[in-house]
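**Student:** Residues per chain are reported as follows:
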Amino acid sequence: MLSFEQAPPLSASFRFFLTAPWFGVAAGLLLAWEGPEALLSRWSPPALALTHLLTAGFLLQAMCGALLQFIPVATGANVWRPLLIANFVHPALLAGALLLALSLARARTELLPAAEALLGVGLGAFCAVCGLALLRTTTGMSLPALRTAIAALAVTTVLGLLLAQAYTGRLQIALPALTDLHAAWGLGGWALVLLAGVSFTVVPMFQMTPPYPPWLPRLLPATLALALAAASVGVFASAPSWLWSLAIALAAVPAVAFALVTLRLQQRRRRARTDATFAFFRGAMIMLLAAAAACLASSLGPEFAQAQPLPVVIGVLCLVGVFVSAVSGMLYKIVPFIATLKLPHRAGSSLAPPSIKMFIPERSMVAQMRLHFAALALLLACLAIPQLTRLAGVAFALSCAWLGTNLLRGLRVYVALRDQIRADAAVHGS
Amino acid sequence: MTVVIDGRELEPPEPLQRVLAALDVLADGEEMRVLLYCHPVPLISILESNGYAWQETLLEDGTHELRIRRPRP
Numbered sequence: 001m002l003s004f005e006q007a008p009p010l011s012a013s014f015r016f017f018l019t020a021p022w023f024g025v026a027a028g029l030l031l032a033w034e035g036p037e038a039l040l041s042r043w044s045p046p047a048l049a050l051t052h053l054l055t056a057g058f059l060l061q062a063m064c065g066a067l068l069q070f071i072p073v074a075t076g077a078n079v080w081r082p083l084l085i086a087n088f089v090h091p092a093l094l095a096g097a098l099l100l101a102l103s104l105a106r107a108r109t110e111l112l113p114a115a116e117a118l119l120g121v122g123l124g125a126f127c128a129v130c131g132l133a134l135l136r137t138t139t140g141m142s143l144p145a146l147r148t149a150i151a152a153l154a155v156t157t158v159l160g161l162l163l164a165q166a167y168t169g170r171l172q173i174a175l176p177a178l179t180d181l182h183a184a185w186g187l188g189g190w191a192l193v194l195l196a197g198v199s200f201t202v203v204p205m206f207q208m209t210p211p212y213p214p215w216l217p218r219l220l221p222a223t224l225a226l227a228l229a230a231a232s233v234g235v236f237a238s239a240p241s242w243l244w245s246l247a248i249a250l251a252a253v254p255a256v257a258f259a260l261v262t263l264r265l266q267q268r269r270r271r272a273r274t275d276a277t278f279a280f281f282r283g284a285m286i287m288l289l290a291a292a293a294a295c296l297a298s299s300l301g302p303e304f305a306q307a308q309p310l311p312v313v314i315g316v317l318c319l320v321g322v323f324v325s326a327v328s329g330m331l332y333k334i335v336p337f338i339a340t341l342k343l344p345h346r347a348g349s350s351l352a353p354p355s356i357k358m359f360i361p362e363r364s365m366v367a368q369m370r371l372h373f374a375a376l377a378l379l380l381a382c383l384a385i386p387q388l389t390r391l392a393g394v395a396f397a398l399s400c401a402w403l404g405t406n407l408l409r410g411l412r413v414y415v416a417l418r419d420q421i422r423a424d425a426a427v428h429g430s
Numbered sequence: 431m432t433v434v435i436d437g438r439e440l441e442p443p444e445p446l447q448r449v450l451a452a453l454d455v456l457a458d459g460e461e462m463r464v465l466l467y468c469h470p471v472p473l474i475s476i477l478e479s480n481g482y483a484w485q486e487t488l489l490e491d492g493t494h495e496l497r498i499r500r501p502r503p
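Chains as they are written, first to last, in the numbering used here: chain E, 1 to 430; chain U, 431 to 503.
I should point out that these hints are in silico values taken from the structure, not numbers from a laboratory.
Please note that the accuracy of each hint is not assured.
[What the hints assert, rightly or not] Within a straight-line C-alpha distance of at most 16 Å, the following computed EDC-like cross-link-like pairs (lysine to aspartate or glutamate) qualify: (1) E:Lys357 / U:Glu486; (2) E:Lys342 / E:Asp419; (3) E:Lys357 / U:Glu441; (4) E:Lys342 / U:Glu444; (5) E:Lys357 / E:Asp424.
Please work from the sequences and hints to get the whole structure.
**Tutor:** In C-alpha cells, the structure reads:
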C-alpha cells in the first residue's frame with residue numbers, strides 16, 4: 001500500500017506539540033505568583049517574561065512543529081532531514097525560551113547571552129531549512145503566506161538579538177521603538193501571516209467551509225509585509241510618527257479582512273455540527289477584530305499608545321485571545337490527523353479502520369476550550385479589577401495543563417493502536 | 431469500470447486513507463474517480479511518486495474531480 005511518505009516522522013512534530021502547552025502553564029503560574037504588579041506595565045520584568053513564555057515558548061513550539069508537517073502536506077515541498085532538524089531545533093528553542101523568560105523575569109542579564117545563542121542558532125537553522133524548502137516549490141495557495149512568515153520569523157529573531165544587546169547596554173539604540181518593531185514583525189509578520197497561511201488550507205479542509213477567495217492569500221502576506229517594511233523605515237530612519245500610524249492602519253486592513261472572511265466562511269460551512277476547533281477559531285477571529293481595533297486606537301498618538309492599560313490589553317488580546325486560541329484549535333485537529341496517518345498499514349487486519357475521533361474525546365476538548373475562554377475573560381477583566389489577577393493566572397495555567405493532557409492522551413491512544421495493529425499483524429502473519 | 435470515492439463530506443484524513451486503500455486493489459484498466467472539495471496536494475504527490483496517471487477537473491459546484499489509473503507496466 002502507498003504511504004503518506006511526504007510527511008516527516010510523527011516524533012518530529014509531536015515533541016513540539018507536547019511541549020508547547022506547558023509554557024502556557026508556566027506563564028499562568030508566573031502570573032498567579034506575581035499578582036497584579038505583573039500587568040501594571042508591559043515593561044515590568046514579569047510582563048516581559050510572560051510575553052516570551054507565550055511567544056518564544058508556547059506559540060513558537062506549536063508553530064515550528066506544525067510547519068514541519070504542514071509544508072510537505074500543503075505545498076508538496078520536502079523539508080531537509082526533518083527528524084535531524086527537530087532533534088536540533090527543539091531542545092535549542094526549549095532551553096532558549098526558558099532561559100530568556102528566566103532572565104527577563106528576574107532581570108538577570110548574565111543569562112541573556114546563552115538564551116540569545118540558543119534561540120539565534122535554533123531559529124536560524126529552522127528558517128534556513130524551511131525557507132529553502134519553500135523556495136523550491138510553487139504549489140499551494142498557502143505558499144506566499146508561508147514564505148512571508150518564515151522571512152518575518154528571521155527578521156523577528158534578528159531584531160530580538162539586537163534588543164538583547166540593547167537591553168544589556170552592549171548596543172546604543174532606542175529600546176521602546178525597537179521593541180515595538182520586534183513585536184510587530186513577530187505578531188503581525190510571523191504569527192498572523194502563518195496563522196492565515198495555514199488557515200487558507202486547513203479551515204476549508206477541517207471545518208468543511210467553502211474555500212477562501214483567491215485574492216486573500218495573495219494580498220494578505222504582501223500587504224502585511226509592506227506595512228512592516230514601512231514601520232521598519234519609520235523606526236530606523238527616524239521618520240515622523242505618522243508613518244508608524246499609517247503602517248498599523250495598513251496592517252489592520254488584511255487582518256480584519258482575514259477575520260471577517262473566516263467568520264463568513266464558518267457561517268457557510270457544509271456541516272451543521274460544530275466542534276472545539278470551530279469554536280476556538282471563531283473566538284480567535286472575534287479577538288483578532290478586537291485586537292485590530294485596539295491597535296488602531298493605540299496608533300492615534302503617543303498619548304493613546306502609552307495610555308494604561310491599552311498596551312497590555314493588546315498583548316492579552318493578541319497572544320491569548322487570537323494565537324493561543326487558534327493554535328489550540330489547530331492542535332486538536334492536526335495531532336489526531338497525523339496520528340491517524342502514521343498508524344501502520346493494516347491490510348488484512350480484523351481491526352476497524354482508525355478514525356480521527358478516536359484520539360482525543362470531543363467532550364474533553366470542548367470543556368478545555370470553555371475553560372480557555374473563561375481564563376481569557378478573567379485575564380481581560382483583571383486589567384480593570386486587579387484582585388482577579390491571581391485567579392486569571394491559575395485559570396490560564398489549568399487550561400493549558402488540560403490542553404497538554406489532552407494532547408498527551410492523543411499520543412497514548414496512537415501508541416496503543418499501533419501496538420495493537422502490530423500484534424494483530426503478527427497473529428495474522430504467523 | 432470506474433471506482434468512485436466521494437470524500438466531500440468526510441473529515442480528513444479519511445478521504446486520503448480510502449483512496450490509498452482503494453488504489454491497492456485497483457485493477458489494470460480500471461479508473462478511480464475521487465470527489466473532493468480541495469486540491470489534494472499530498473495525494474497528488476503520492477500518485478506522482480508512484481507513477482499513477484491522473485487528471486484533475488474543477489466542477490461547477492467547486493468539486494475537484496480526480497480520475498486516476500494504475501501505472502503502465
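**Student:** Hint by hint, note whether the structure agrees.
**Tutor:** Tested hints:
Restraint check for Lys357 of chain E and Glu486 of chain U: the C-alpha separation of about 30 Å exceeds 16 Å, so the hint is violated. A hinted pair counts as satisfied when its Cα atoms are at most 16 Å apart, and Lys342 of chain E with Asp419 of chain E qualifies at roughly 12 Å. Our distance criterion of 16 Å between C-alpha atoms is met by Lys357 of chain E and Glu441 of chain U, whose separation comes to about 10 Å. Restraint check for Lys342 of chain E and Glu444 of chain U: satisfied, since their Cα atoms lie roughly 13 Å apart, inside the 16 Å limit.
Proposed proximity of Lys357 of chain E and Asp424 of chain E is contradicted: the alpha carbons are some 22 Å apart, above 16 Å.
In terms of the numbered hints stated before, the structure departs from hints 1, 5, listed from lowest to highest.
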